[in-house]
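Asks: Sequence:
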Amino acid sequence: MDILEINKKAWNNEVRTKNPWTIPVSSETIAAARKGDWQIVLTPTKPVPADWYPALQGADVLCLASGGGQQGPIMAAVGARVTVLDNSPDQLAQDRIVAERDGLDITLVEGDMADLSMFANGSFDLIIHPVSNIFVPDVNPVWREAYRVLRPGGVMLSGLCNPAVYLFEVDVINDVDTLNVIHKIPYSDLEDLDEETRQNYIKNQVPFEFSHTLEDLIGGQIRAGFVITGLFEDGLNEKIENSIFDMMDCFIATRAEKR
Numbered sequence: 001m002d003i004l005e006i007n008k009k010a011w012n013n014e015v016r017t018k019n020p021w022t023i024p025v026s027s028e029t030i031a032a033a034r035k036g037d038w039q040i041v042l043t044p045t046k047p048v049p050a051d052w053y054p055a056l057q058g059a060d061v062l063c064l065a066s067g068g069g070q071q072g073p074i075m076a077a078v079g080a081r082v083t084v085l086d087n088s089p090d091q092l093a094q095d096r097i098v099a100e101r102d103g104l105d106i107t108l109v110e111g112d113m114a115d116l117s118m119f120a121n122g123s124f125d126l127i128i129h130p131v132s133n134i135f136v137p138d139v140n141p142v143w144r145e146a147y148r149v150l151r152p153g154g155v156m157l158s159g160l161c162n163p164a165v166y167l168f169e170v171d172v173i174n175d176v177d178t179l180n181v182i183h184k185i186p187y188s189d190l191e192d193l194d195e196e197t198r199q200n201y202i203k204n205q206v207p208f209e210f211s212h213t214l215e216d217l218i219g220g221q222i223r224a225g226f227v228i229t230g231l232f233e234d235g236l237n238e239k240i241e242n243s244i245f246d247m248m249d250c251f252i253a254t255r256a257e258k259r
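The opening residue of the sequence shown carries number 1 in the working numbering; numbering runs sequentially from there.
Note that these hints are calculated values from the structure, not bench results. Any given hint might turn out to be false.
Said to hold, decoys possible - Lysine to aspartate or glutamate pairs mimicking EDC-like chemistry, simulated, CA-CA at most 20 Å apart:
1. Lys203 x Glu191
2. Lys203 x Asp2
3. Lys184 x Asp194
4. Lys46 x Glu195
5. Lys46 x Glu196
6. Lys184 x Glu145
7. Lys184 x Glu169
8. Lys46 x Asp216
9. Lys46 x Asp194
10. Lys9 x Asp90
11. Lys9 x Glu209
12. Lys184 x Asp216
13. Lys35 x Asp105
14. Lys9 x Asp105
15. Lys239 x Glu169
16. Lys184 x Glu195
17. Lys35 x Asp51
Unchecked claim - Quick list of simulated restraints, FRET-style, between CB atoms:
18. Ile222 x Gly103: 36 to 42 Å
19. Gln57 x Val181: 31 to 37 Å
20. Ile185 x Arg223: 14 to 20 Å
21. Met118 x Gly36: 38 to 44 Å
22. Gly153 x Asn204: 31 to 37 Å
23. Ala50 x Ile244: 27 to 33 Å
24. Met248 x Gly103: 31 to 37 Å
25. Asp246 x Pro49: 35 to 41 Å
Every residue, glycine too, gets a C-beta built ideally from N, C-alpha and C.
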């Protein structure tokens, strides 16, 4: 299957159905950012700590698989030179809406997060990368390409999903939702769903997801050459009863430097 094409169509559909990660920031948010009052999130709720950022005025920033009109426009509003790369043209269109509405200069590139061959070595000072890596089968090329296009001293801020999320399915037993351990890690919609379900995903334009081991999510950054200098965990901002999300913080953010 052509996962890039399937997930492109699926994320175009997510824009139409107003997934929260596709809703552009407001003009008020951009105006506040221009005055120095701003924050971004890579995981559901916790803002990235202020001391995780390098100097942003005039910095070259790549928002990697980060369309949706959220992180990129804020980075541009605080004075960075911003490029947003995303596989979904409709997600990129959300950034275009904010740029045109609020007079921001943002470069939009449609492409694969695991193939940054359109960028020269050492093109960027900062990479902003949310939890979108769950939509690629192998996360290691993402880290290698990110390392290559960063300048020495550059920083990558990434959102990750704890692979434990993919262990479970919910069964209803005696009218009670019960979490059952079903899947091995790493999990793959391509390999762990039956053919009928996979075809329904394609028909209904549901994104295919992939878990990754912590060895690849965090260790993969280190193997690519990064030094991890920050990490926090995050949860959801809503309660989902009888779910793993109520049992633990299922998201991770990392700060990694190219030294």
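Asks: Work down the list of hints and note, for each, if the structure agrees.
Replies: Hint by hint, here is what the structure shows:
1. Lys203 x Glu191: 18 Å, holds
2. Lys203 x Asp2: Satisfied, since the Cα-Cα distance of roughly 14 Å is no more than 20 Å.
3. Lys184 x Asp194: 15 Å, holds
4. Lys46 x Glu195: Outside the cut-off at roughly 37 Å; violated.
5. Lys46 x Glu196: 37 Å, violated
6. Lys184 x Glu145: 28 Å, violated
7. Lys184 x Glu169: Roughly 12 Å separates the two Cα atoms, so the pair holds.
8. Lys46 x Asp216: 23 Å, violated
9. Lys46 x Asp194: Cα-Cα ~35 Å, so violated.
10. Lys9 x Asp90: Holds. Lys9 to Asp90 sits at ~9 Å (cutoff 20 Å).
11. Lys9 x Glu209: Cα-Cα ~14 Å, so holds.
12. Lys184 x Asp216: At roughly 15 Å apart (the allowed maximum being 20 Å), Asp216 and Lys184 satisfy the hint.
13. Lys35 x Asp105: Satisfied, since the Cα-Cα distance of roughly 17 Å is no more than 20 Å.
14. Lys9 x Asp105: Not satisfied, since the Cα-Cα distance of roughly 27 Å exceeds 20 Å.
15. Lys239 x Glu169: 17 Å, holds
16. Lys184 x Glu195: Distance of about 18 Å is within 20 Å: holds.
17. Lys35 x Asp51: Satisfied, since the Cα-Cα distance of roughly 18 Å is no more than 20 Å.
18. Ile222 x Gly103: 36 to 42 Å: 40 Å, holds
19. Gln57 x Val181: 31 to 37 Å: 49 Å, violated
20. Ile185 x Arg223: 14 to 20 Å: Distance hint for Ile185, Arg223 holds at roughly 18 Å.
21. Met118 x Gly36: 38 to 44 Å: 32 Å, violated
22. Gly153 x Asn204: 31 to 37 Å: 45 Å, violated
23. Ala50 x Ile244: 27 to 33 Å: 30 Å, holds
24. Met248 x Gly103: 31 to 37 Å: 42 Å, violated
25. Asp246 x Pro49: 35 to 41 Å: 25 Å, violated
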